[in-house]
Amino acid sequence: MARLNTPAARILLGLVVPVLLLIWWQAQSAQGGARALAFVPLQEVGATLAAQIVSGFLLNDVLSTLSRALTGLLLGGLAGTALGVAMAMWRPLDRVVGPLYHAVRQVPLLGWLPLIGLWVGNGDATKLLVVSLAAFYPTVLNSYEGVAAVERRYVEVGSLFGFSPAQRFSHVLLPAALPLILTGFTQALAFAWIATIGTEILLGAPAGLGATMGVAQAQQRMDVILVAILAAALLGFSINHLFARLRRHLLRWQPVLA
Amino acid sequence: MIRRFAQGIAPLLALLLAWQLASASGVFPAQVLVPPSEVAATLARLWQDGELGDHLGTSLFRLVFGFLTGAAIGLAFGAAMALSKLFETLFAPVFQAVRQVPVLAFIPMLVLLLGIEERFKIVVVAVAVFFPVALATFDGVKGIPKAWFEVARLYRTPPLPFITRILLPAAVPPVLTGLRLGLTRGWLVLVACELLAADSGIGQMMEMGRQMFRIDVVLAGVFVSGLVGFGLDRSVKLVERRFARWKEA
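Chains A and V, in that order, give the protein sequences. Just so it is clear: in the first sequence, position 233 is 233 by the UniProt record's numbering, and no numbers are missing. Just so it is clear: in the second sequence, position 155 is 155 by the UniProt record's numbering, and no numbers are missing.
Honestly, the hints are just simulated from the structure, not real lab data. All of these numbers come straight from a predicted model, not from anything done at the bench. Be careful, since some hints might not be right.
[Stated by the list, open to error] Covered stretches of chain V, going by a simulated chain A footprint (3 or more residues, C-beta under 8 Å): (1) 103-112; (2) 130-138; (3) 220-227.
A virtual CB, placed ideally from N, CA and C, is assigned to each residue, including glycine.
The task is simple: from the sequences and hints, build the whole structure.
Following this line, the structure appears as structure tokens:
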């Protein structure tokens, strides 16, 4: 088994399963009939991908989905962080809002869609609201935990210096709670991404990866669906990666934990 | 304990009261806001009709079947990846790549592959459950200290006690967390599927309510789906606490 440890062997072995899967898929598509509808030949997927890149269709979808997800992340994340910090700093608010927050959170996210749809229609506002809600939940929880876990000593030093509440927040609480607040945003990013794709599939949109998938499902265009899935996966992976780097940059003052 | 419960329930009651007053004030038309008393009446009526029971039963059946399938495959896959270097080298790249796809994005593809019947819903739930469970099992089994394996070898522990006395207790807490995550995700995805395409289930009940402008039915659905989510999460947490006991000692 020692040979498994060389990088070349690992990469080669790692390619075995994907290649077999692709061969199996291609063989299915060659069967013809109803099967060929679902199992589109790979060259067709490639052709669709190339055509969508050239026409700018894919870029348009990607930008729409991305802007929806990031707007929701920003709105929901900032509101969530503000609420979480406020709840941790001010007990009465925690007593009143805490139980409501935990009750509302039990409903599966997309279960709110019919209700919000009745209230504000099936347009962009509904999608943005659900995406923001997806980003809201984890940021409340993490910023609350972050501020609540700040060591008492730090706060006491602050009060010795006669800090105002605003100074206490910006000089003591925020830096100490930042790691957890950013963890909240990392989770929020993942949820907002899923919520964006989900609402686009369910409600449709003029442009967007999820919307394109929804339309392609109705038109039975598996090639279009696969291109959209590929784009969604690559994009999700890249923004997670970028966000992890941003997080490291923001927390570079922190001693590295073993 | 009772005081904490009262403190937790008081804001909810206050909200219900404010809501009741707001809808009684007549500022909002009935299509926008119905009083909680009416939602409760609708819930009771749906329950007595047996309609709610049917929807709930269908949804839970799909959830349980999908969950069991996805969890079983996830457990086996995660454990195999953690225990066999060869298996990991073969399957980890595909696993990591497919994991990047937001799980709701599988829905259109699976509709084309499987149609929109029961099979499709169960498979979607299974896919949603598989990934967190496989990941947690992999981490859980990988996280067992090497020394424990060595001690077991030194004492010539037979395979069966080795699995039941060492492997399982060490891996179960993280795996349970993965199962809880999978259950929550499965429920989320199932409700989404039922909103999209179904002839029954809690999600379909809500979607029908929306199409007929029956906000009381929609709110009843929101309430029931929240209750189910809460019940699922809470019951796995109870099991988690039971299995984490040895750690505190």
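Consistency of the hints with the structure:
no.: 1; hint: 103-112; result: holds (count 9)
no.: 2; hint: 130-138; result: violated (count 0)
no.: 3; hint: 220-227; result: holds (count 5)
Of the numbered hints stated above, the single one contradicted by the structure is hint 2.
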